[in-house]
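Colleague: The residues making up each chain are set out below.
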Amino acid sequence: MSFEYIKIGKEEKEFISKIEDISGQNLYACYQCGKCTAGCSFSNQMDLTVNQVIHRLQLGQKEKVLSAKSPWVCASCLTCTVRCPRDIDVAAIMESVREYILRYEPERIERMKVTEEKAKKLPNIALVGSFRKNTEL
Amino acid sequence: MAKAISMREKKEELDTVTIYIMGQGYKVPSSLTIMKAMEYAGFKLKRGVGCRAGFCGACATVYRKLGDYKIYANLACQTKVEDGMYLTQLPFVPANKAEYNLDEIKPSISTMLRFYPEIARCLSCNACSRVCPQDIQVMDYVQYSLQGQIDKAAELAFDCIQCGLCAIRCPAEIPQYHVATLARRLHGRYHMIAPDTLEQRVKEIEEGKYEKGFEELMSLSEEELKKRYVARDFIDQKKA
Amino acid sequence: MKYSYFPGCNLKTNAKEYEHTAVEVSKILDAELVEMPVFNCCGTVHSMVSDNTMRRVAPVRILSRSEEHQKELEDTKNTVVTLCSMCSSTLKVVNEEVKEDEEMLQKINWQLERDNLKYSGHSEVKHYLEILRDEVGFEEIIKKVKKQLKGMKIASYYGCMLLHPDKAKIDDSETPTVMESLTLALGGEVVDWPYFKTCCGSYHVVDKEDIVNNQVLKITEGAKKRGANAIITACPLCAYNLDSQQVFLQKKGVIKETIPVFYFTQLMAIALGIKLKNFEDHHVDPKPLLKSLGLI
Chain B
1 MSFEYIKIGK
11 EEKEFISKIE
21 DISGQNLYAC
31 YQCGKCTAGC
41 SFSNQMDLTV
51 NQVIHRLQLG
61 QKEKVLSAKS
71 PWVCASCLTC
81 TVRCPRDIDV
91 AAIMESVREY
101 ILRYEPERIE
111 RMKVTEEKAK
121 KLPNIALVGS
131 FRKNTEL
Chain X
1001 MAKAISMREK
1011 KEELDTVTIY
1021 IMGQGYKVPS
1031 SLTIMKAMEY
1041 AGFKLKRGVG
1051 CRAGFCGACA
1061 TVYRKLGDYK
1071 IYANLACQTK
1081 VEDGMYLTQL
1091 PFVPANKAEY
1101 NLDEIKPSIS
1111 TMLRFYPEIA
1121 RCLSCNACSR
1131 VCPQDIQVMD
1141 YVQYSLQGQI
1151 DKAAELAFDC
1161 IQCGLCAIRC
1171 PAEIPQYHVA
1181 TLARRLHGRY
1191 HMIAPDTLEQ
1201 RVKEIEEGKY
1211 EKGFEELMSL
1221 SEEELKKRYV
1231 ARDFIDQKKA
Chain U
2001 MKYSYFPGCN
2011 LKTNAKEYEH
2021 TAVEVSKILD
2031 AELVEMPVFN
2041 CCGTVHSMVS
2051 DNTMRRVAPV
2061 RILSRSEEHQ
2071 KELEDTKNTV
2081 VTLCSMCSST
2091 LKVVNEEVKE
2101 DEEMLQKINW
2111 QLERDNLKYS
2121 GHSEVKHYLE
2131 ILRDEVGFEE
2141 IIKKVKKQLK
2151 GMKIASYYGC
2161 MLLHPDKAKI
2171 DDSETPTVME
2181 SLTLALGGEV
2191 VDWPYFKTCC
2201 GSYHVVDKED
2211 IVNNQVLKIT
2221 EGAKKRGANA
2231 IITACPLCAY
2241 NLDSQQVFLQ
2251 KKGVIKETIP
2261 VFYFTQLMAI
2271 ALGIKLKNFE
2281 DHHVDPKPLL
2291 KSLGLI
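Residue numbers (this note's numbering), protein chains in the order written: chain B, 1 to 137; chain X, 1001 to 1240; chain U, 2001 to 2296.
Extracted from the complex, chain B is given alone in its bound form (with noise of 0.2 Å):
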């Protein structure tokens, strides 16, 4: 068995708060049963699950849960939503993640790069949801 002391302290709190703020969720509502990570389109590409995101949440452990790719892999299919059997939407925690990261912290954001080449042959749709998600409006 391994051990990891984590602290919950103000700055962990003042995380949780914002998070919630921007979500709009309660966080606590969750039991950590899975569906959501069961149902998740894109769980074997990330490295934290969804429902792991959630929990590191609950316990405000910010550098974690900011420096993951899981929030950059969701594509907000909103399949964990729907199947949430407390109603929260987790799809808006996850994107609450991102928001914070783009509005707070943008340093950590890998810059994708968006060359003429590409630009020329995708559909506008990926475009404009692309930047939706990925750039700070």
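I should point out that these hints are in silico values taken from the structure, not numbers from a laboratory. We put the beta carbon where it would ideally sit given N, CA and C, even for glycine. Any given hint could be a false lead.
As the list claims (entries may be wrong) - Coverage of chain B stretches by chain U, computed from C-beta distances (three or more under 8 Å per stretch; other residues unrestricted):
1) 69 to 79
2) 120 to 127
3) 130 to 137
Said to hold, decoys possible - Think about it this way: if two alpha-carbon atoms lie no more than 20 Å apart in a straight line, the pair counts; the simulated PhoX-like pairs of lysine-lysine are:
4) U:K2208 - B:K121
5) B:K118 - X:K1097
6) U:K2208 - U:K2252
7) U:K2012 - X:K1152
8) U:K2275 - B:K120
9) U:K2275 - U:K2291
10) X:K1106 - B:K120
11) U:K2291 - U:K2146
12) U:K2153 - U:K2291
13) U:K2208 - X:K1106
Stated by the list, open to error - Counterexamples of contact, computed for chain U against chain B with all Cβ distances above 10 Å:
14) N2014
15) A2015
16) K2077
17) K2208
18) R2226
19) P2288
Using the hints, position chains X and U against chain B.
Modeller: Relative to chain B, chains X and U alone:
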């Protein structure tokens, strides 16, 4: 014969208003345009001034009015001063311009997205149309460009004078007037068909049909030119 | 019956055939799609955060512009019809949000006021599949079929946005049947498969193509395994992903055979006797399949 009134006397009769140029208040005659009023107040305009006729887009001015929270924008040479106007000028607007060779690109959505992918960020907030001094529906032509309807975009953007105010107000950081220029160039080059009389005339010129005529005119003195000008043929509009 | 139709940004560019076939089919079924005179991008995917009113202005602008058009068409049910699933979901979600939240609607109307627009909150957004099922009815469609789609084994791909979120679904989100019913009405064979709503990867095709390739592989292999020879969809982005990435994967040697992807209106057009104009937007060529079945 009218009695000549000295300028000093005339000044006291003038109706004045107070305008604030970059925070400093000035009393200026109420009949002047913003541009004239700035010069009346003592400013020497080296930037932000051009044709003085509402066509070049150099004198973009942003202002508020006393007691009114709204932001207004217009051309300094075309707008009359109002009491309580609180203004500044935008002589230059930074906006990235894409480089392209018009002969090597096609009029399609992929061209618009290739050079200006940011049009996909348009929020449809309409801040751009509201600030346009030419009353162009800027948001609509950006949307037409996003939908690939380049001919409609070009027609809607016809009156654009490239003042840049739209690009400054845009929350999605789109350089609208550059997008319009690309659309207009594509439309003109690929959609508009040149009349065949134009081609014929160009051919005639290249074949040297008018060489002798030009040489003759170039050899005339100023007096002779003036005589020729007055005696020229012109179409009587009423008869034509 | 005429409906105010909102094309969205995509239906005039790489989904031209979707719009062309849908409009022609709509005329035959007396549920005509009449394009809105002026429209703007809906800004998909809808904003899920609670504090971004700005992102909700674009959908409400569309709804208010449609209201004027609906009066012209004398549509008493006040419907806005879309063909794109992503537009459908975004518009429906925002419509429900502003109907519930008076304050938000008022804020947005203040924004629109300066453009002489106002949204009353009375419109209903419908995807064209809902119109076909609820207003036209599948019996009517069966009557108008001239050529049965014999030999087509169709896997119906819903994607996410037709069924999510709950406010925006057009059918049961776990066991939807509308596209299967349509397939049967057109004389095709229904293929039962588990990946009918596995997300295609959507906008990740811009910068994270690997994610999309993963999904496309899963979805198309799943369809082929169940014996399908065609996939139908209602979303231009899904169609692009499933179509173009298959060609990419084939070039890389990851998949051997490809399966053509159609918009449901293209198959409706074939069944109702309308000639398809072009196949240039397809990456996987569907002509061999259609010719072998005698459908074109």
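Colleague: Each of the hints needs a verdict: does it hold here or not?
Modeller: A quick look at each hint next to the structure:
Three residues within the 8 Å Cβ limit are the bar, and the segment 69 to 79 of chain B against chain U gives 7, so the coverage statement holds. Restraint check on the segment 120 to 127 of chain B versus chain U: 6 residues with Cβ-Cβ distances below 8 Å, three needed, restraint holds. Proximity of the segment 130 to 137 of chain B to chain U, defined as three or more residues with a beta carbon under 8 Å from a beta carbon of that chain, is established by the 5 residues found. For the given pair, U:K2208 sits about 15 Å from B:K121 by alpha-carbon distance, which is consistent with the 20 Å threshold.
Simply put, B:K118 and X:K1097 have alpha-carbon atoms about 19 Å apart, close enough for the 20 Å limit, and the pair holds. As the CA atoms of U:K2208 and U:K2252 are separated by approximately 17 Å, the hinted pair is consistent with the 20 Å bound. Among the hinted pairs, U:K2012 with X:K1152 is consistent with the structure: their alpha-carbon atoms are about 13 Å apart, no more than 20 Å. Note on U:K2275 and B:K120: the hinted pairing is violated, with a Cα-Cα distance of about 30 Å set against a maximum of 20 Å.
Taking the CA atoms of U:K2275 and U:K2291, the gap is about 13 Å. The hint holds against a cut of 20 Å. Restraint check: the Cα-Cα separation between X:K1106 and B:K120 comes to about 11 Å, which is no more than 20 Å; the hinted pair holds. Our distance criterion of 20 Å between C-alpha atoms is met by U:K2291 and U:K2146, whose separation comes to about 17 Å. Straight-line distance between C-alpha atoms of U:K2153 and U:K2291 comes to about 15 Å, which keeps the hinted pair within the 20 Å bound.
Proximity of U:K2208 to X:K1106 is assessed by CA-CA distance (about 28 Å); at most 20 Å being required, the pair is judged violated. At roughly 5 Å, the least C-beta separation between U:N2014 and chain B is not larger than 10 Å, which violates its mark as non-interface. The Cβ of U:A2015 sits about 8 Å from the closest Cβ of chain B, inside the 10 Å cut-off, so the non-interface label is violated. Non-interface status of U:K2077 relative to chain B is upheld: no Cβ of that chain comes within 10 Å, the nearest being about 27 Å off.
Its beta-carbon lying about 7 Å from the closest one in chain B, U:K2208 breaks the requirement of being farther than 10 Å from that chain. Here U:R2226 stays apart from chain B, with its beta-carbon at least about 18 Å from theirs, past the 10 Å limit. For U:P2288, the condition that its CB be more than 10 Å from all CB atoms of chain B holds, with the nearest at approximately 24 Å.
Checked against the numbered hints given earlier, the structure breaks hints 8, 13, 14, 15 and 17 and satisfies all the rest.
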